[in-house]
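There are 2 protein chains.
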Amino acid sequence: MDGVADRPSPKIKLMTPLQYAHKPSIDLLAAGGVTGIMDPVAPGIPVGSDTGHLALLGYDPHVYYTGRGPLEALGAGIDLQPMDIAFRCNFATVSDDWTVVDRRAGRISDEEAEQLSSVLVNLSNRLSLDAEVMFKHTVEHRGVLVLRGDNLSEKVSDVDPHKEGVKVQMPRPTDSSENARRTSEVLKEFLIKSKEILENHPINIERRKKGQKIANALLPRGAGRLPNLPLISERFGVKGAVVAGGAIYKGVCRAAGMDVINAPGATGTINTDLESKFRTAIDALNRYGFVLLHIKGTDSASHDKNPELKARFIEKVDMTLGKYLDKIPSDVIICLTGDHTTCSTVGEHRGDPVPILIHGQGVRIDEIDRFDEFACSKGGLGRIRGLDILNILFDLANITKMYGE
Amino acid sequence: MDGVADRPSPKIKLMTPLQYAHKPSIDLLAAGGVTGIMDPVAPGIPVGSDTGHLALLGYDPHVYYTGRGPLEALGAGIDLQPMDIAFRCNFATVSDDWTVVDRRAGRISDEEAEQLSSVLVNLSNRLSLDAEVMFKHTVEHRGVLVLRGDNLSEKVSDVDPHKEGVKVQMPRPTDSSENARRTSEVLKEFLIKSKEILENHPINIERRKKGQKIANALLPRGAGRLPNLPLISERFGVKGAVVAGGAIYKGVCRAAGMDVINAPGATGTINTDLESKFRTAIDALNRYGFVLLHIKGTDSASHDKNPELKARFIEKVDMTLGKYLDKIPSDVIICLTGDHTTCSTVGEHRGDPVPILIHGQGVRIDEIDRFDEFACSKGGLGRIRGLDILNILFDLANITKMYGE
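Read top to bottom, the protein sequences are chains W and C.
Note that numbering that gives the first Met the number 0 numbers the first sequence so that position 106 is 105, with each residue one more than the last.
Note that numbering that gives the first Met the number 0 numbers the second sequence so that position 127 is 126, with each residue one more than the last.
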C-alpha cells in the first residue's frame with residue numbers, strides 16, 4: 000500500500016489513518032503474524048516511488064538508481080535497451096517565447112494526450128541528426144521519451160523548469176563529452192519540431208476554440224539509462240510478477256526481471272478496481288513464486304492532504320482483503336507494508352519508518368494485533384530496512400541458499 | 000550454542016526448543032542481564048558455520064571469507080601458511096571409472112580413517128610436480144588437504160560432485176592463470192596416486208572381505224587460502240581462547256589469533272562431555288581475556304529434525320551451567336547466543352534472528368526473564384548484528400579504546 004504510513008493528524012483525532020481506520024482483516028493478519036517497522040532506505044530518509052520500490056525489492060538505490068526516466072519507460076511498456084536515454088515528460092502549455100503557462104497543459108484527458116502522441120511517433124525521420132526518438136503517453140498529461148542511437152549520453156539537463164511563469168531552458172550537456180553535446184542537440188531539435196506540429200494539431204485547435212489551455216510542448220526531465228539490476232530469478236531462483244496500475248511500479252519490477260500482469264480496471268488511482276487486483280494477484284500465485292500487489296490510493300489521498308479519505312480507502316482495501324483472504328493458499332508468506340510514509344498534513348513523502356507485517360508458516364508470531372505505526376514499533380521484527388524484506392520472505396519460504404558452509 | 004534458535008514446531012506444542020526447554024539457570028542469566036535478537040550477517044540471510052562464526056567474532060564475511068577449506072585446515076591443527084591452498088576432503092568409495100558409490104565411504108570409523116591417512120603423508124615425495132601435499136584426518140570420513148609450494152592458486156574446481164552415482168570430475172583450473180593450471184595438475188596426480196595406494200591398503204582389503212564399502216578415493220572441495228583477519232589481540236589488546244569440539248570452530252578462532260584449548264571428552268556431538276568443556280572454559284578465564292565456549296549439540300539435533308532432542312540438550316547445557324555458574328568470577332561479562340537459526344522442521348540453517356543475552360557488571364538489565372526467540376525480541380538490546388557483539392562485550396568490560404578524541 001503506497002505511502003500507507005502517516006503522521007498523527009488533528010483532522011482524525013490525532014491518529015494516523017492506519018489507527019483511525021476500521022480494518023479487521025488486516026489486523027487479523029497482524030495478530031497471526033510478526034510485525035515491525037521498516038525504513039525503506041535508512042531512518043529519516045524520505046524516498047520517492049522509484050527509490051522506495053527499488054529498496055523494497057532489495058536494490059540499494061545508492062548503488063542501482065539511474066533516475067526515474069528509464070523506470071517509467073519500462074513501466075510504459077517500452078523495451079528499453081542498455082544504450083537508450085529515457086526521460087519522463089509532461090505535455091505542457093507554453094507561450095511563443097517558451098514561457099511555461101501550465102506544466103500540465105490544462106490537465107488534458109488521456110484520450111487527447113493519446114491522440115497528440117500519435118503524431119509524434121514518426122517525427123524521428125524528420126530530424127537532421129541520426130537518432131531514433133520514441134514518445135509514449137502514460138496517464139493524463141504524462142509520458143516518456145526515449146532517445147535511441149549510437150553515441151548518446153544521459154548527461155543532459157532537465158528541460159522542465161518544475162514551475163510556471165519561467166522560460167523553458169533548452170537542453171544543455173551537463174558534462175564536457177561530445178556525446179552529451181550531441182544528445183542535447185537531438186533533444187532540442189525534437190522539442191522544437193514537436194512544438195510546431197502540436198500547435199496545429201486538431202485537438203489543440205479544438206481546445207483553443209473552447210478557451211482551454213493547449214498542449215503545445217513537451218517538457219522532458221530525469222534523463223537516465225536502464226539500471227543494471229541482478230534479476231529476482233537470479234537472486235532467488237524464482238520468477239516474480241507485479242500487479243500495479245502506475246507505470247513506475249511496473250517499471251521497477253520489469254527492471255528486476257518480473258512480469259507485469261495487467262488487472263482489468265486497475266487505474267493506479269483511488270477509484271481502482273481493488274477486487275480485480277486481488278483476484279489477479281492471487282491467480283498469479285499459481286504461476287509465480289513471488290507476486291507484488293501494488294495499491295496506490297493510500298498515497299494519492301495523502302498527497303491531497305486528506306487523512307480521512309486515506310482511512311476510508313484503507314477500509315476498502317481491508318474489506319477486499321477480507322473477501323479474498325481464504326483464497327490465498329496456506330503455504331504463501333504474506334507481507335503487508337508500504338514504500339514510504341506520506342504525511343497527510345504536509346502532503347509529502349516523509350522519512351518516518353513504515354509498519355510491516357509478515358504472516359505465514361514458520362513465522363515467529365508476536366503479541367501485536369493491530370497494523371499501525373505505533374503498535375508495530377513494538378513487534379517481533381524490531382526495526383528493519385527495505386533491503387532486508389525479500390531476504391526475510393524468501394528465507395521464511397525456505398528458498399534462500401545458505402551463505403557459507 | 001550452535002544453531003540454538005529455531006522456528007515454532009508442531010512436534011513440541013508449536014513452541015521453539017528454547018521455549019519448550021526447562022532452563023532455570025539460563026533464564027536466571029536473562030533475568031539479571033540484557034537481551035535482544037541478533038542477525039549474524041543480516042536479516043533473512045542464512046549463514047554457514049564458517050561465515051556465522053566469522054561474523055560473531057566481528058569479521059564481515061563479505062570482506063574476509065575465503066572459503067571453508069583453510070578454516071577447517073587450521074582447525075585440524077595444520078599450521079597453514081599464507082600461500083597454502085587448503086581443501087575440505089572426504090574419504091569416498093568410487094568405482095574403477097571414478098563413479099561415486101558412497102561419498103562417505105560406508106561411514107568409516109575414526110580409527111580406520113586415521114590409519115588410511117598415515118600412508119598419504121609421504122606421498123608428496125612421489126609426485127612428479129614440485130609441491131608438498133598434506134592430508135589430515137579430522138572426524139569420521141572427513142579430512143583436510145593442503146597444497147604447499149610456489150606458484151599455486153585456489154582457482155581450482157571442486158572434485159567432490161556432492162552426489163552419488165555420477166563420475167568424479169578431475170580438478171580443472173577456474174581461471175586462465177598458469178598457477179591454476181599447475182595446481183589442478185598437482186591435485187590430479189595426487190588423487191590418482193592416492194587411489195592406487197588406498198585400494199590396496201590393509202584396512203580396505205579387510206573392509207572388502209567383510210563386504211563393506213572401501214575408502215579408496217579422496218574428494219576435495221572448497222579450495223581457499225588463509226583469510227587475512229585482524230587478530231583479536233590487535234583489535235582489543237586481549238588474548239583469546241576457544242573451547243570447541245569441531246574443527247571449523249577451532250579454525251575460525253585460530254584465524255583470529257585465538258588459542259585452541261582441548262577439553263577432554265569434547266567431541267562436537269550431542270554426547271560431548273559438557274562438564275569438561277565448562278570446567279576447561281572457566282579455567283581458561285584465569286589466563287585469557289576472552290574465552291569462546293562452543294557447544295554443537297543444539298545444531299546437530301536440529302539437522303536431525305528433532306526439536307524435542309534439541310530441547311533436552313538445552314536442558315543438559317542448562318544443568319551444567321547451573322553447576323558451574325558460581326565458579327565464574329563476578330567481573331566476567333557473559334554472553335549467550337548462537338551462530339544462526341537451525342530450523343528443526345526443515346533441518347536446515349535459516350536466516351531468522353538469534354536470541355542473545357549479555358550478563359555482567361554495568362549491563363543495563365531489562366525486564367526479560369526468559370531466553371528465547373520471542374521474549375528476547377522485546378529486550379533492551381533491540382535487534383543487533385553479529386558484527387556488533389564483540390564490540391559490545393569488550394566495551395562493557397571497559398577494554399575498548401575510544402574512537403575519536
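Please keep in mind that the hints were generated in silico from the structure rather than gathered at the bench.
Among the hints, erroneous ones may be present.
Repeated chains share a single entry, so a pair holds when one copy, or any two copies, can fit it.
To be verified - With a Cα cut of at most 20 angstroms, we get these calculated EDC-like pairs of lysine to aspartate or glutamate:
(1) K10 - E195
(2) K377 - D351
(3) K304 - E404
(4) K194 - E314
(5) K377 - E366
(6) K154 - E404
(7) K400 - D159
(8) K162 - E404
(9) K377 - D365
(10) K12 - E404
(11) K322 - E184
Hint-by-hint comparison with the structure:
Taking identical chains as interchangeable, the C-alpha atoms of K10 and E195 are never at most 20 angstroms apart, the minima being 48 angstroms within one chain and 75 angstroms between chains. With identical chains, the CA atoms of K377 and D351 are at most 20 angstroms apart both within one copy (15 angstroms) and between copies (18 angstroms). With identical chains, the CA atoms of K304 and E404 are at most 20 angstroms apart between copies only, with a shortest distance of 19 angstroms across copies and 52 angstroms within one. Proximity of K194 and E314 under a CA criterion of 20 angstroms is satisfied in neither setting, with 45 angstroms inside one chain copy and 71 angstroms between copies.
Taking identical chains as interchangeable, the C-alpha atoms of K377 and E366 lie at most 20 angstroms apart whether they share a chain (9 angstroms) or sit on different chains (10 angstroms). In this assembly of identical chains, the alpha carbons of K154 and E404 lie at most 20 angstroms apart only when taken from different copies (18 angstroms versus 45 angstroms within one copy). Within a single copy, K400 and D159 get their C-alpha atoms only as close as 46 angstroms, which misses the 20 angstroms cut-off; across copies the closest is 19 angstroms, which meets it. Only between protomers do K162 and E404 lie at most 20 angstroms apart by alpha-carbon distance; the minimum there is 16 angstroms, versus 57 angstroms within a single protomer.
In this assembly of identical chains, K377 and D365 lie within 20 angstroms of each other by CA distance both inside one copy and across copies; the values are 9 angstroms within and 10 angstroms between. Taking the shortest alpha-carbon separations for K12 and E404, neither the intra-copy value of 54 angstroms nor the inter-copy value of 31 angstroms comes in at or below 20 angstroms. Proximity of K322 to E184 under the C-alpha cut-off of 20 angstroms is found in neither arrangement, the shortest distances being 55 angstroms within a copy and 65 angstroms between copies.
Hint check: violations occur at hints 1, 4, 10 and 11; the rest are consistent with the structure.
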